[in-house]
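Protein chains: 2
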Amino acid sequence: MVTTTRPSEKTTHKVIGTRPIRPDGVDKVTGRAIYGADVTLPGLLIGKVLRSPFAHARIRNIDTGAAERLPGVRAVITAADLPDPDKGMADVGEASATYRDLSHNVMARDKALYQGHAVAAVAAESASIAEQALALITVDYEPLPPVLDLVEAMKDDAPLLHEDLRTNELGTLSDKPSNIAAHARFLKGDPAAGFAEADVIVERTYTTTMVHQGYIEPHASTAYWNADGKITIWTTTQAPFAIRDNVAVLLNVPVSRVKVIPTEIGGGFGGKLPPYVEPLAAVLSRKSGAPVKMTMSRTEELQASGPTSGSRTHVKIGAKRDGTIVAVEASLAYEAGAFPGSSVRFGSLCMFAPYDIPNMQLDSYDVVVNKPKVAAYRAPGSPAAMFASESALDELAERLGMDPIELRLKNSAKVGTRMANNIPFQHPVGNVKVLEAIRESDHWRSPLPESTETRKIGRGLAMGFWPNAPLKSSCFATVNPDGSVTLVEGNPDIGGTRASLAMQLAETLGIPYEKVIPQVADTETVGYNDATGGSRTTFTGGIAVYELGQDIKQQLIERARILWQLNPEDAIVYEDGTIRGPKEGQQLSFDQLAAQLFKTGGPVVGRASVSPKHVGFAFGCHVVDLAVDIETGKVEILRYTAAQDVGKAVHPSYVEGQIQGGVAQGIGWALNEEYVYDEQGRLVNASFLDYRMPTSLDLPMIETILVEEPHPPHPFGVRGVGEVPIVPPLAAVANAISHALGHRFTDLPISPRRIIETLYP
Amino acid sequence: MVTTTRPSEKTTHKVIGTRPIRPDGVDKVTGRAIYGADVTLPGLLIGKVLRSPFAHARIRNIDTGAAERLPGVRAVITAADLPDPDKGMADVGEASATYRDLSHNVMARDKALYQGHAVAAVAAESASIAEQALALITVDYEPLPPVLDLVEAMKDDAPLLHEDLRTNELGTLSDKPSNIAAHARFLKGDPAAGFAEADVIVERTYTTTMVHQGYIEPHASTAYWNADGKITIWTTTQAPFAIRDNVAVLLNVPVSRVKVIPTEIGGGFGGKLPPYVEPLAAVLSRKSGAPVKMTMSRTEELQASGPTSGSRTHVKIGAKRDGTIVAVEASLAYEAGAFPGSSVRFGSLCMFAPYDIPNMQLDSYDVVVNKPKVAAYRAPGSPAAMFASESALDELAERLGMDPIELRLKNSAKVGTRMANNIPFQHPVGNVKVLEAIRESDHWRSPLPESTETRKIGRGLAMGFWPNAPLKSSCFATVNPDGSVTLVEGNPDIGGTRASLAMQLAETLGIPYEKVIPQVADTETVGYNDATGGSRTTFTGGIAVYELGQDIKQQLIERARILWQLNPEDAIVYEDGTIRGPKEGQQLSFDQLAAQLFKTGGPVVGRASVSPKHVGFAFGCHVVDLAVDIETGKVEILRYTAAQDVGKAVHPSYVEGQIQGGVAQGIGWALNEEYVYDEQGRLVNASFLDYRMPTSLDLPMIETILVEEPHPPHPFGVRGVGEVPIVPPLAAVANAISHALGHRFTDLPISPRRIIETLYP
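Same order as they appear, the protein sequences are chains A and B.
For reference, each letter of the first sequence is one residue, going 21 to 781 in the working numbering.
For reference, each letter of the second sequence is one residue, going 21 to 781 in the working numbering.
Bear in mind the hints are in silico, worked out from the structure with no lab data behind them.
It cannot be assumed that every hint is accurate.
If several chains are the same, the list does not tell them apart, and a pair holds so long as it fits within one copy or across any two.
[To be verified] Subject to a maximum C-alpha distance of 30 angstroms in a straight line, what follows is the list of computed DSSO-like cross-link-like pairs (lysine-lysine): (1) K250 to K619; (2) K476 to K336; (3) K250 to K34; (4) K340 to K307; (5) K340 to K430; (6) K633 to K619; (7) K175 to K307.
Keep in mind it's a predicted model, so treat the numbers as computed, not measured.
Using the sequences provided together with the hints, build the complete structure.
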């Protein structure tokens with residue numbers, strides 16, 4: 021019998037909530053950690069990709085003969101070397117369409133659909149030979165008119181990216197080809213009736229442009245296709261199991277033939293979920309018989325990995341004079357890039373989630389354009405949508421003469437409130453608490469500095485929401501004779517997985533954090549784990565290690581029973597790392613029992629596999645003070661405070677770091693970052709010199725307030741913290757600039773150029 | 021409810037008994053497999069060891085100054101850089117003495133005790149710099165008289181290796197220092213009374229010399245002592261967990277600070293159980309701050325790794341005229357090398373194990389001499405002892421005019437017979453069956469070729485015994501969506517672990533062998549596993565994967581219950597890879613259920629940890645025909661047949677290979693292999709040019725007969741096959757030569773020199 025105090029009933033934790041050193045820290049700061057590009061193998065070849073210079077072009081012919089004849093070139097491939105997804109794929113059910121697009125995105129087959137789209141690849145004995153070989157490949161392109169603008173792309177007479185793409189129109193396939201891949205709708209109540217009751221209506225259109233996750237480490241993968249048919253891939257990825265599964269489908273081999281070894285990862289933010297060079301490196305390896313490493317340059321990353329959508333969102337909010345919101349309508353169109361699949365539906369779900377609004381109609385459009393296929397980017401879909409909704413709410417508060425916090429509190433969602441998708445909040449949520457935390461913060465209570473003639477000061481506030489994703493996690497562990505426990509987990513450690521899972525296992529077992537030795541394993545070593553992403557890793561991984569701990573505790577109790585020669589019915593209690601028998605003084609510490617396991621049947625090993633159904637919805641509220649230099653258009657962030665309901669902060673330093681990182685990215689999106697295309701669809705700012713991300717010199721220390729409203733179904737109350745913090749900054753900054761300048765900006769980024777052009781039209 | 025047919029009740033297996041391709045085959049034949057010396061890391065240094073030129077010498081002083089000043093040298097260490105085991109060690113209980121010796125063996129502290137004993141080590145930027153540095157180290161030795169001969173060493177006035185070593189005399193420490201570390205005895209019945217009944221007594225003394233395992237891959241280890249205190253060791257070893265534990269104790273760090281990653285291994289045979297360079301590489305790494313690789317040369321291997329004991333065994337056998345053996349006495353003395361711990365006691369246990377003898381006294385002596393500390397070597401202790409007993413039995417048969425098989429059958433042990441240690445055979449054993457198998461073999465029934473003037477032909481027969489060791493095994497597994505299962509095990513794959521464990525798991529789950537993907541994991545990834553050795557890996561590992569299979573099957577049944585929406589009491593049966601429900605036609609194949617696991621709660625992961633109490637005793641009987649060229653003394657093996665009770669041959673090709681390899685080693689021991697020391701204790705044949713091992717050109721194809729007397733407590737009846745086959749060849753060959761020449765040879769090797777010197781004294 022295991023008797024454990026349910027952590028949610030506990031008032032104090034011993035490990036959770038502390039700030040220990042991360043297990044991977046020393047390797048990372050001393051440069052010993054192996055990232056994607058650090059992998060090396062005997063006989064390693066270097067792979068490079070030839071990419072389309074055109075945003076839209078038919079590929080008539082590819083001549084690789086000269087490249088193949090170049091000394092030092094070991095393999096040249098085109099799409100013809102990959103299985104043709106139109107000529108039979110592994111049966112993966114409804115996902116087939118997605119895999120077909122993935123195959124076409126990995127290597128263009130008949131058409132290049134964006135500048136940078138891969139058309140051929142080379143493996144050679146050095147990078148320079150590989151690059152020379154690329155120059156020797158002749159591609160006969162028939163340029164086609166590119167489709168770059170959302171509004172243009174949606175027109176009936178727009179050039180088509182895919183002649184066979186028909187709109188999924190509210191669940192039914194339309195009969196006419198279009199660049200609109202899907203039109204979905206959330207409908208609740210009667211919006212028309214709601215607006216009829218409204219005293220005030222705010223209605224505006226907002227736009228954002230494509231931006232990139234800007235992870236510091238580019239994609240880098242090494243593949244070896246062994247003579248026995250086994251493919252091993254070392255890659256920097258958030259999702260080793262998804263890479264395994266994708267590569268297996270794209271190359272038409274069983275998943276058991278593919279082993280993915282995740283390297284350390286220098287940022288992902290959603291951009292390291294899909295495969296890019298992995299399948300190409302594998303096919304080059306098969307053709308050359310040698311391992312092949314492929315590393316993307318920053319230009320390739322910007323042109324041809326998966327940024328997030330540019331968007332256009334029309335919002336209409338109706339409220340009564342007392343601030344009660346009676347109806348909202350929105351229409352969101354997101355760029356999917358070259359293939360369907362933006363996060364627009366998620367955006368429409370999130371945008372009004374903090375509020376209890378009786379009447380809603382939220383339409384979303386997924387639109388293909390001749391730009392790179394978008395990928396997830398931190399809270400995918402939510403930032404652009406909530407930029408619109410939270411900007412509009414700010415304007416509504418202004419129009420009503422209400423405090424923006426009071427407006428939000430008045431309309432706040434609570435347990436039982438149904439979101440746009442009709443799913444209710446079943447457990448307590450922290451939206452009210454984060455608003456109250458900001459209202460009571462030193463920041464909110466502090467007066468703004470005075471504006472000057474040329475330096476205009478403003479304060480802005482906005483909320484953010486992300487539902488979080490639970491998905492699946494597995495893990496193993498072993499109890500060692502010195503009382504340490506080795507933990508084998510399967511989530512690449514981006515934001516501190518090793519530490520956060522080790523801490524939750526230590527808490528479960530009642531042992532010190534330092535006694536848990538975590539490691540991230542490859543896809544053949546640990547059970548299936550979904551990606552590190554969706555703010556799921558500490559959440560679901562935590563549930564997995566908690567269940568793992570129960571498995572271990574149960575076994576330890578049985579070992580103690582053997583040592584004490586007790587009967588099955590004798591009660592043995594495991595509590596706080598101590599095992600107690602029914603007799604007076606009959607007890608063993610975890611360490612003492614660990615040292616005696618070999619006497620009682622060998623080592624204790626544990627396992628868990630979980631797939632939780634519930635999620636821990638997460639809310640944040642941010643406030644920003646900034647100054648706009650009206651001579652240069654430069655915006656300076658003066659102070660920034662982010663309050664977030666984290667459920668329970670397992671390692672508060674990492675939680676703060678996640679929030680600070682998300683805010684920095686959101687500020688970049690608000691002020692500077694944008695994909696700038698010319699009329700031919702060529703990205704003109706494809707480097708970090710020209711694509712402007714904020715650095716530490718651009719920002720003050722971001723202040724954080726951790727609100728802990730535990731999520732009851734999680735053993736430690738954890739929600740998930742990584743996504744939400746990128747959401748509020750877009751609107752918060754825009755709202756602050758509006759207040760500073762008395763002009764409402766609805767198009768991001770609010771760059772110096774845009775400010776100057778607006779102020780001096 | 022899991023319902024499985026107990027394999028021992030099965031008449032047929034689907035996977036066990038087949039001969040599939042080994043999973044590691046392609047990597048090994050294409051040269052891609054990473055062995056010890058193949059490991060490389062950024063900034064890798066090369067470590068080299070300075071070794072004593074003296075077999076026995078006091079170390080007065082070591083001056084490393086000049087070596088330290090040599091450019092390119094990054095660290096120089098002596099024993100002073102290792103924790104002094106006399107000044108406090110981690111508390112490891114009774115094992116402390118062993119660890120103390122291990123520490124002194126790894127690096128000489130006050131005395132060098134054999135030629136090649138490590139006295140200092142260097143890490144440098146290249147091997148040549150390291151070697152130059154070794155030449156710059158000045159050691160002030162005081163040479164002492166070496167003790168090289170067993171008989172001399174045991175004398176009261178012999179020079180002492182260890183001034184504090186007192187004999188463990190039948191369980192009591194004697195009060196006088198000695199080179200005899202231990203004297204043990206097995207006593208059964210009344211030997212004196214037994215001999216009084218004997219009609220015939222054979223009494224002789226037999227000797228063997230130190231021989232080496234001769235694994236092709238030398239010891240090679242790379243260590244990195246990280247700035248966070250974590251030590252990672254890549255090493256070629258049979259026992260990654262023992263290396264972990266040993267290094268932890270020798271370096272006085274918790275075991276959880278040491279991670280051992282086993283590389284592929286090119287042979288071990290017991291010689292790759294102890295640590296040699298691992299702790300030195302670790303300390304050099306700590307001192308240099310860089311990873312350090314150390315690879316032993318063949319000369320270092322022969323001088324300073326762990327060969328097996330030279331021995332001297334006195335045997336006396338008494339029998340009645342009808343062949344009934346009434347009493348045996350034996351006195352065995354084994355060289356332990358420089359530190360106590362030979363396998364002499366095992367030898368005395370094995371020597372008469374095949375027989376039911378009422379009266380026995382078997383004395384064994386463990387003796388230190390100025391030679392390298394011995395290690396295990398295939399059936400450790402048994403070959404030298406059974407060379408004596410099986411030679412004496414052959415002579416007894418001759419004296420009685422009995423067929424050697426009939427003599428052995430007449431006296432054969434059976435269920436209930438107690439061995440010398442008083443432990444009875446509780447389960448059926450195969451000693452009779454292997455004798456019968458040889459008696460019925462084509463080989464035994466075929467006449468010998470005629471001898472000629474100069475080419476004398478003989479046939480010899482002998483038995484072998486090894487008790488096998490179960491020890492502990494752990495493993496993990498994951499069921500993949502394509503119906504494959506990844507298996508994580510912890511035993512370096514010397515003789516086919518991956519295949520034999522994958523086969524047993526496949527059999528357990530009722531799935532094809534190819535669907536199991538095994539891997540050998542490091543000490544932080546898989547649970548504790550004892551060494552690959554003792555013929556335990558397929559045996560205990562098989563029990564572990566069987567239990568692992570039960571864990572998985574139970575979980576799969578529960579998943580089927582969810583899919584079929586059945587109640588807990590509804591019977592679900594798992595049989596031959598199919599899960600069947602109570603309703604007509606309600607069934608799912610393993611693959612079908614595997615594909616639906618994500619719907620039913622996520623992946624299925626399994627674990628097992630076992631520590632079986634029972635062993636599967638193993639017997640072999642060999643017959644050899646050979647020709648002796650009396651002009652050159654060269655012995656040619658004409659035909660060789662080995663019958664062995666393997667319990668159940670999981671992969672018959674590997675079992676045959678194990679038997680053939682053991683026989684080849686045994687023949688080398690019998691005919692050619694020996695450590696030749698000069699009077700100063702210098703090994704004069706420390707290379708494979710001068711230390712003569714048989715090659716494939718020296719031997720005919722060894723014929724094998726697999727007898728399968730299942731070991732009932734094992735789920736598949738497995739015993740363990742690796743040790744036994746090295747035991748019989750020594751006596752079989754000696755017996756055949758005796759029959760060819762009419763002279764009984766009692767000293768090994770029966771080399772051309774010995775034959776010529778005997779024939780022409």
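Evaluation of the provided hints:
no.: 1; hint: K250 to K619; in the structure: between (40 angstroms within a copy, 28 angstroms between copies)
no.: 2; hint: K476 to K336; in the structure: within (29 angstroms within a copy, 109 angstroms between copies)
no.: 3; hint: K250 to K34; in the structure: between (45 angstroms within a copy, 24 angstroms between copies)
no.: 4; hint: K340 to K307; in the structure: neither (68 angstroms within a copy, 75 angstroms between copies)
no.: 5; hint: K340 to K430; in the structure: within (12 angstroms within a copy, 108 angstroms between copies)
no.: 6; hint: K633 to K619; in the structure: between (40 angstroms within a copy, 11 angstroms between copies)
no.: 7; hint: K175 to K307; in the structure: neither (44 angstroms within a copy, 70 angstroms between copies)
Of the numbered hints given earlier, the model fails hints 4, 7; all others are met.
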